[in-house]
Amino acid sequence: MESGRNQNWLDRLRDRWEAMETKRRRHQSIWYIVYFVVVVLTYTTMISYGVFVESGSDIRSTKVGSKVIIGGVQYEFIEKKVDKEKRTAVFTLANPEPSLNDLSKELVPTVEFFNAENVKVKMEVITGDKGYYTLYMSSLPEKWEAFRVSLQFAKEEKSGGQVIVASKKEQNVKVVKPSKQLVLLNSFEYQISKKKKLIQANNKEVRKNEQSIEVNNKNIQQYEDEKEFQTEEEVVQTNIAIEQVKAANITNEGNIQRIKSENQEIEKQISKIQERIEKETTE
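Our numbering applies: residue 168 is where the sequence shown begins, and numbers increase by one.
FYI, nobody ran anything at the bench for these hints, they're computed from the structure.
Every value quoted in this text rests on a predicted model; they were computed, and no experiment measured them.
Treat the hints loosely; a few may be bogus.
Unchecked claim - In silico lysine-lysine, PhoX-like type, Cα no more than 20 Å apart, as pairs:
{"#": "1", "residue 1": "Lys435", "residue 2": "Lys362"}
{"#": "2", "residue 1": "Lys297", "residue 2": "Lys253"}
{"#": "3", "residue 1": "Lys361", "residue 2": "Lys289"}
{"#": "4", "residue 1": "Lys435", "residue 2": "Lys297"}
{"#": "5", "residue 1": "Lys394", "residue 2": "Lys344"}
{"#": "6", "residue 1": "Lys287", "residue 2": "Lys344"}
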(Lines of atoms letter the chains of each structure in order from A and count residues from 1; the text may use other names and numbers.)
(Lines give C-alpha, C1' and ligand atoms only; values in the text may rest on other atoms or scores of the structure.)
Protein backbone atom coordinates (compact mmCIF):
# COMPACT_ATOMS: atom_id res chain seq x y z
CA MET A 1 0.00 0.00 0.00
CA GLU A 2 2.80 2.34 0.96
CA SER A 3 4.57 1.39 -2.23
CA GLY A 4 1.47 2.33 -4.29
CA ARG A 5 1.24 5.77 -2.68
CA ASN A 6 4.90 6.38 -3.34
CA GLN A 7 4.43 5.37 -6.95
CA ASN A 8 1.46 7.74 -7.34
CA TRP A 9 3.47 10.55 -5.76
CA LEU A 10 6.35 9.88 -8.17
CA ASP A 11 3.95 9.83 -11.11
CA ARG A 12 2.46 13.18 -10.09
CA LEU A 13 5.95 14.63 -9.63
CA ARG A 14 6.98 13.37 -13.06
CA ASP A 15 3.82 14.77 -14.65
CA ARG A 16 4.39 18.16 -13.03
CA TRP A 17 8.03 18.17 -14.17
CA GLU A 18 7.04 17.31 -17.71
CA ALA A 19 4.37 20.05 -17.70
CA MET A 20 6.95 22.59 -16.48
CA GLU A 21 9.42 21.49 -19.17
CA THR A 22 6.77 21.75 -21.87
CA LYS A 23 5.83 25.24 -20.68
CA ARG A 24 9.49 26.29 -20.54
CA ARG A 25 10.14 25.04 -24.07
CA ARG A 26 7.01 26.82 -25.30
CA HIS A 27 8.15 30.11 -23.77
CA GLN A 28 11.63 29.59 -25.16
CA SER A 29 10.20 29.06 -28.65
CA ILE A 30 8.14 32.25 -28.33
CA TRP A 31 11.24 34.22 -27.37
CA TYR A 32 13.13 32.78 -30.34
CA ILE A 33 10.31 33.86 -32.66
CA VAL A 34 10.18 37.36 -31.14
CA TYR A 35 13.96 37.71 -31.47
CA PHE A 36 13.83 36.61 -35.11
CA VAL A 37 11.05 39.08 -35.91
CA VAL A 38 12.94 41.94 -34.23
CA VAL A 39 16.11 41.15 -36.18
CA VAL A 40 14.25 40.97 -39.49
CA LEU A 41 12.39 44.24 -38.86
CA THR A 42 15.61 45.98 -37.81
CA TYR A 43 17.52 44.97 -40.92
CA THR A 44 14.54 45.71 -43.14
CA THR A 45 14.32 49.22 -41.69
CA MET A 46 18.05 49.77 -42.15
CA ILE A 47 17.89 48.67 -45.76
CA SER A 48 14.82 50.76 -46.55
CA TYR A 49 16.52 53.86 -45.16
CA GLY A 50 19.68 53.22 -47.12
CA VAL A 51 21.78 52.51 -44.04
CA PHE A 52 23.22 49.03 -43.75
CA VAL A 53 26.33 48.04 -41.85
CA GLU A 54 28.27 45.62 -44.03
CA SER A 55 31.27 44.94 -41.84
CA GLY A 56 32.81 46.91 -39.04
CA SER A 57 32.05 50.57 -39.56
CA ASP A 58 31.46 50.38 -43.32
CA ILE A 59 28.20 51.98 -44.40
CA ARG A 60 26.57 51.41 -47.75
CA SER A 61 25.96 54.68 -49.57
CA THR A 62 22.87 55.53 -51.54
CA LYS A 63 23.63 54.91 -55.19
CA VAL A 64 22.90 57.32 -58.01
CA GLY A 65 19.82 56.05 -59.80
CA SER A 66 18.13 54.96 -56.58
CA LYS A 67 14.53 55.86 -55.88
CA VAL A 68 13.81 58.26 -53.01
CA ILE A 69 10.24 58.59 -51.76
CA ILE A 70 9.20 61.95 -50.32
CA GLY A 71 5.62 62.76 -49.46
CA GLY A 72 4.41 59.64 -51.21
CA VAL A 73 6.06 60.70 -54.48
CA GLN A 74 8.94 58.75 -55.99
CA TYR A 75 11.97 60.82 -56.94
CA GLU A 76 15.11 59.76 -58.78
CA PHE A 77 18.49 60.32 -57.11
CA ILE A 78 20.52 61.52 -60.09
CA GLU A 79 23.67 63.17 -58.71
CA LYS A 80 26.05 62.72 -55.80
CA LYS A 81 29.39 64.50 -55.48
CA VAL A 82 31.55 64.85 -52.38
CA ASP A 83 34.60 67.13 -52.32
CA LYS A 84 36.57 66.08 -49.25
CA GLU A 85 39.26 68.69 -49.80
CA LYS A 86 36.90 71.66 -49.93
CA ARG A 87 34.48 69.93 -47.55
CA THR A 88 31.51 70.39 -49.85
CA ALA A 89 28.91 68.09 -51.40
CA VAL A 90 26.17 68.22 -54.00
CA PHE A 91 23.12 65.95 -54.23
CA THR A 92 20.39 66.18 -56.85
CA LEU A 93 17.06 64.44 -57.10
CA ALA A 94 14.22 64.88 -59.54
CA ASN A 95 10.64 63.84 -60.10
CA PRO A 96 10.63 61.67 -63.26
CA GLU A 97 6.96 62.56 -63.74
CA PRO A 98 6.85 66.28 -62.84
CA SER A 99 3.55 68.09 -62.33
CA LEU A 100 2.29 71.54 -61.46
CA ASN A 101 1.98 70.42 -57.83
CA ASP A 102 5.78 70.39 -57.62
CA LEU A 103 5.92 74.16 -58.11
CA SER A 104 4.51 74.85 -54.66
CA LYS A 105 6.69 72.39 -52.75
CA GLU A 106 9.62 73.50 -50.61
CA LEU A 107 12.20 70.82 -49.82
CA VAL A 108 13.60 70.93 -46.28
CA PRO A 109 16.69 68.78 -45.60
CA THR A 110 18.27 67.84 -42.29
CA VAL A 111 21.63 66.12 -41.86
CA GLU A 112 23.07 63.73 -39.30
CA PHE A 113 26.78 62.86 -39.13
CA PHE A 114 28.36 59.70 -37.76
CA ASN A 115 31.64 59.92 -35.84
CA ALA A 116 32.14 63.62 -36.51
CA GLU A 117 32.97 66.59 -34.31
CA ASN A 118 32.24 70.31 -34.52
CA VAL A 119 29.43 69.89 -37.02
CA LYS A 120 28.57 73.31 -38.45
CA VAL A 121 27.48 72.28 -41.90
CA LYS A 122 25.57 74.68 -44.13
CA MET A 123 22.89 73.46 -46.52
CA GLU A 124 21.16 75.22 -49.38
CA VAL A 125 18.43 73.83 -51.62
CA ILE A 126 18.55 75.17 -55.16
CA THR A 127 15.25 74.49 -56.90
CA GLY A 128 14.91 73.82 -60.60
CA ASP A 129 11.68 73.32 -62.53
CA LYS A 130 8.91 71.02 -61.28
CA GLY A 131 10.32 68.67 -58.69
CA TYR A 132 14.02 69.13 -59.45
CA TYR A 133 16.17 69.85 -56.38
CA THR A 134 19.91 70.30 -55.93
CA LEU A 135 21.24 70.27 -52.37
CA TYR A 136 24.53 72.09 -51.88
CA MET A 137 26.39 71.39 -48.62
CA SER A 138 29.42 73.29 -47.38
CA SER A 139 31.57 73.42 -44.23
CA LEU A 140 31.47 69.67 -43.79
CA PRO A 141 33.41 68.41 -40.75
CA GLU A 142 37.07 67.69 -41.37
CA LYS A 143 36.58 64.07 -40.36
CA TRP A 144 33.45 61.98 -40.56
CA GLU A 145 32.53 58.36 -40.95
CA ALA A 146 29.28 58.94 -42.82
CA PHE A 147 26.30 61.23 -42.97
CA ARG A 148 22.70 60.92 -44.00
CA VAL A 149 20.35 63.58 -45.25
CA SER A 150 16.67 63.30 -44.36
CA LEU A 151 14.27 64.94 -46.79
CA GLN A 152 10.78 66.28 -46.32
CA PHE A 153 8.60 69.06 -47.63
CA ALA A 154 7.71 72.13 -45.60
CA LYS A 155 4.25 72.04 -43.99
CA GLU A 156 4.01 68.30 -44.59
CA GLU A 157 4.62 66.47 -41.32
CA LYS A 158 4.57 63.03 -42.89
CA SER A 159 6.41 63.86 -46.11
CA GLY A 160 9.63 62.08 -45.17
CA GLY A 161 10.20 58.54 -46.29
CA GLN A 162 13.80 57.96 -47.12
CA VAL A 163 17.26 59.39 -46.64
CA ILE A 164 20.37 59.88 -48.74
CA VAL A 165 23.52 58.37 -47.28
CA ALA A 166 27.16 59.15 -48.01
CA SER A 167 30.15 57.35 -46.49
CA LYS A 168 33.81 58.23 -46.10
CA LYS A 169 34.58 55.88 -48.98
CA GLU A 170 32.92 58.21 -51.47
CA GLN A 171 35.15 59.04 -54.42
CA ASN A 172 36.53 62.54 -54.07
CA VAL A 173 35.03 64.75 -56.80
CA LYS A 174 35.58 68.45 -57.31
CA VAL A 175 32.41 70.35 -56.41
CA VAL A 176 31.50 73.77 -57.69
CA LYS A 177 28.41 75.42 -56.26
CA PRO A 178 25.80 75.40 -59.03
CA SER A 179 24.01 78.62 -59.84
CA LYS A 180 20.24 78.98 -59.83
CA GLN A 181 20.30 79.26 -63.61
CA LEU A 182 22.41 76.13 -64.03
CA VAL A 183 20.07 74.08 -61.86
CA LEU A 184 17.10 75.39 -63.81
CA LEU A 185 18.73 74.47 -67.13
CA ASN A 186 19.69 71.05 -65.77
CA SER A 187 16.08 70.46 -64.79
CA PHE A 188 14.96 71.30 -68.33
CA GLU A 189 17.52 68.91 -69.79
CA TYR A 190 16.39 66.21 -67.38
CA GLN A 191 12.78 66.63 -68.50
CA ILE A 192 13.82 66.44 -72.16
CA SER A 193 15.86 63.27 -71.59
CA LYS A 194 12.91 61.59 -69.86
CA LYS A 195 10.54 62.57 -72.66
CA LYS A 196 12.93 61.29 -75.32
CA LYS A 197 13.18 57.96 -73.51
CA LEU A 198 9.39 57.82 -73.44
CA ILE A 199 9.30 58.39 -77.20
CA GLN A 200 11.80 55.57 -77.68
CA ALA A 201 9.68 53.24 -75.55
CA ASN A 202 6.59 54.27 -77.51
CA ASN A 203 8.33 53.58 -80.81
CA LYS A 204 9.08 50.05 -79.62
CA GLU A 205 5.40 49.57 -78.84
CA VAL A 206 4.50 50.84 -82.32
CA ARG A 207 6.88 48.31 -83.84
CA LYS A 208 5.36 45.48 -81.76
CA ASN A 209 1.88 46.38 -82.99
CA GLU A 210 3.11 46.58 -86.59
CA GLN A 211 4.71 43.16 -86.28
CA SER A 212 1.46 41.76 -84.88
CA ILE A 213 -0.38 43.13 -87.89
CA GLU A 214 2.15 41.55 -90.26
CA VAL A 215 1.75 38.16 -88.57
CA ASN A 216 -2.03 38.46 -88.56
CA ASN A 217 -2.13 39.31 -92.27
CA LYS A 218 -0.10 36.19 -93.04
CA ASN A 219 -2.52 34.13 -90.96
CA ILE A 220 -5.49 35.64 -92.76
CA GLN A 221 -3.99 34.73 -96.12
CA GLN A 222 -3.36 31.17 -94.95
CA TYR A 223 -6.95 30.90 -93.75
CA GLU A 224 -8.21 32.18 -97.12
CA ASP A 225 -6.10 29.62 -98.98
CA GLU A 226 -7.48 26.81 -96.81
CA LYS A 227 -11.12 27.68 -97.63
CA GLU A 228 -10.78 26.20 -101.13
CA PHE A 229 -10.47 22.73 -99.61
CA GLN A 230 -12.99 23.06 -96.80
CA THR A 231 -16.62 22.09 -96.40
CA GLU A 232 -19.31 24.75 -96.02
CA GLU A 233 -19.32 24.31 -92.26
CA GLU A 234 -15.54 24.57 -92.10
CA VAL A 235 -15.65 27.73 -94.25
CA VAL A 236 -18.09 29.30 -91.79
CA GLN A 237 -15.73 28.59 -88.90
CA THR A 238 -12.75 29.87 -90.91
CA ASN A 239 -14.57 33.11 -91.72
CA ILE A 240 -15.25 33.60 -88.02
CA ALA A 241 -11.53 33.13 -87.28
CA ILE A 242 -10.62 35.59 -90.04
CA GLU A 243 -12.97 38.23 -88.60
CA GLN A 244 -11.42 37.77 -85.16
CA VAL A 245 -7.92 38.31 -86.58
CA LYS A 246 -9.13 41.38 -88.50
CA ALA A 247 -10.60 42.75 -85.26
CA ALA A 248 -7.20 42.27 -83.59
CA ASN A 249 -5.61 44.23 -86.44
CA ILE A 250 -8.10 47.06 -85.94
CA THR A 251 -7.08 47.18 -82.25
CA ASN A 252 -3.38 47.19 -83.19
CA GLU A 253 -3.93 49.97 -85.74
CA GLY A 254 -5.77 51.98 -83.10
CA ASN A 255 -2.86 51.50 -80.68
CA ILE A 256 -0.43 52.69 -83.34
CA GLN A 257 -2.40 55.86 -84.02
CA ARG A 258 -2.82 56.56 -80.32
CA ILE A 259 0.90 56.12 -79.61
CA LYS A 260 1.92 58.23 -82.60
CA SER A 261 -0.41 61.00 -81.41
CA GLU A 262 1.13 60.73 -77.95
CA ASN A 263 4.61 61.04 -79.48
CA GLN A 264 3.55 64.13 -81.39
CA GLU A 265 2.35 65.71 -78.15
CA ILE A 266 5.61 64.81 -76.41
CA GLU A 267 7.58 66.35 -79.29
CA LYS A 268 5.60 69.57 -78.83
CA GLN A 269 6.37 69.51 -75.11
CA ILE A 270 10.08 69.07 -75.84
CA SER A 271 9.93 72.00 -78.25
CA LYS A 272 8.37 74.18 -75.55
CA ILE A 273 11.06 73.21 -73.05
CA GLN A 274 13.74 74.02 -75.60
CA GLU A 275 12.14 77.43 -76.05
CA ARG A 276 12.45 77.97 -72.29
CA ILE A 277 16.12 76.96 -72.45
CA GLU A 278 16.76 79.37 -75.29
CA LYS A 279 14.97 82.15 -73.44
CA GLU A 280 16.90 81.46 -70.23
CA THR A 281 20.29 81.49 -71.99
CA THR A 282 19.71 84.59 -74.12
CA GLU A 283 18.34 86.94 -71.50
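Checked hints:
no.: 1; hint: Lys435 x Lys362; result: 11 Å, holds
no.: 2; hint: Lys297 x Lys253; result: 30 Å, violated
no.: 3; hint: Lys361 x Lys289; result: 32 Å, violated
no.: 4; hint: Lys435 x Lys297; result: 18 Å, holds
no.: 5; hint: Lys394 x Lys344; result: 75 Å, violated
no.: 6; hint: Lys287 x Lys344; result: 18 Å, holds
The structure shown violates the earlier hints numbered 2, 3, 5.
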